[in-house]
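Protein sequence lines correspond, in order, to chains A and B. If you count by my numbering, then the first sequence holds residues 2 to 111, one letter each, in order. If you count by my numbering, then the second sequence holds residues 972 to 1086, one letter each, in order.
Simulated from the structure, these hints should not be mistaken for laboratory data. From the three backbone atoms N, C-alpha and C, an ideal C-beta is built for every residue, glycine too. Wrong hints could be hidden among the right ones.
Said to hold, decoys possible - Just a few of them, taken from the derived set where beta-carbon distance is under 10 Å, the chain A residues facing chain B:
#1 Ala21
#2 Ser33
#3 Leu47
#4 Arg67
#5 Gly104
Unchecked claim - 25 Å max Cα-Cα, derived BS3-like pairs, lysine-lysine:
#6 B/Lys993 to A/Lys3
#7 A/Lys46 to B/Lys1012
#8 B/Lys990 to A/Lys43
#9 A/Lys46 to B/Lys1007
#10 B/Lys993 to A/Lys46
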Amino acid sequence: RKEVEQDPGPFNVPEGATVAFNCTYSNSASQSFFWYRQDCRKEPKLLMSVYSSGNEDGRFTAQLNRASQYISLLIRDSKLSDSATYLCVVKRPGYSTLTFGKGTMLLVSP
Amino acid sequence: ETGVTQTPRHLVMGMTNKKSLKCEQHLGHNAMYWYKQSAKKPLELMFVYNFKEQTENNSVPSRFSPECPNSSHLFLHLHTLQPEDSALYLCASSQGGDRLNTEAFFGQGTRLTVV
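One chain only, chain A, in its complex shape (with noise of 0.2 Å):
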């Protein structure tokens, strides 16, 4: 099993649908959790963390299960602007580095 596993998609949807994307990991031990955002040619940007209890940014509300190890991230009323790939990030206590996962892209369309 990989480490942090991603729908690649692409999800098409039209403007002002709601959507969701779920991201797994494997190690349960895992602390810290992002959802990352690239555009096309671009470096990654954070889109924001994810907290134990959920967490809601505007549109966008993430949402962690560790039970099942999963992180989830809502996206409603989309805008054209949101296509991007959405990169899900975990942090594996004891180590200095944050896993990526492949992405999930997103095309939002008029």
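For chain A, the structure is supplied; the task is to place chain B on it using the hints.
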């Protein structure tokens, strides 16, 4: 404006050339990373430096040689590369150690083309 600066932004080099990529971070971080991202492929971790010590080398060919003279600077020395080494090379930094919630910040990358 990013706190992680990479130079050059674009580089074209022949297979017999020697070149170096430079990364500088102004965030006071102690961990720095090199990642490779080939076209339509995920990020591949190459090297990790934590407090100037190399802590990870993900089976990277010896034609890639990293150098970390201090916590703020990271280099990737390139020699006798192959065309398949053409990719976006991304540098990142984070707080380092085992601190929780230490997200990484990326530079804008060097787009390398080997001809």
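Hints, verified against the model:
Evaluation of the alanine 21 of chain A hint against chain B yields a violated restraint, the C-beta minimum of about 21 Å exceeding 10 Å. Using the Cβ-Cβ criterion of 10 Å, the hint placing serine 33 of chain A at the interface with chain B is satisfied: the shortest such distance is roughly 5 Å. For leucine 47 of chain A, the shortest C-beta to C-beta distance to chain B is roughly 5 Å, which falls under 10 Å, so the interface hint holds. Interface hint at arginine 67 of chain A: violated, since its Cβ lies 14 Å from the closest Cβ of chain B, which is beyond the 10 Å cut-off.
Taking 10 Å as the C-beta contact cut-off toward chain B, the hint placing glycine 104 of chain A at the interface holds, the least distance being around 6 Å. The hinted pair formed by lysine 993 of chain B and lysine 3 of chain A fails the criterion: a straight-line CA distance of about 31 Å is larger than 25 Å. Note on lysine 46 of chain A and lysine 1012 of chain B: the hinted pairing holds, with a Cα-Cα distance of about 17 Å set against a maximum of 25 Å. Simply put, lysine 990 of chain B and lysine 43 of chain A have alpha-carbon atoms about 22 Å apart, close enough for the 25 Å limit, and the pair holds.
Annotation: proposed proximity of lysine 46 of chain A to lysine 1007 of chain B holds, straight-line Cα distance about 16 Å (limit 25 Å). As the CA atoms of lysine 993 of chain B and lysine 46 of chain A are separated by approximately 20 Å, the hinted pair is consistent with the 25 Å bound.
In terms of the numbered hints stated before, the structure departs from hints 1, 4, 6, listed from lowest to highest.
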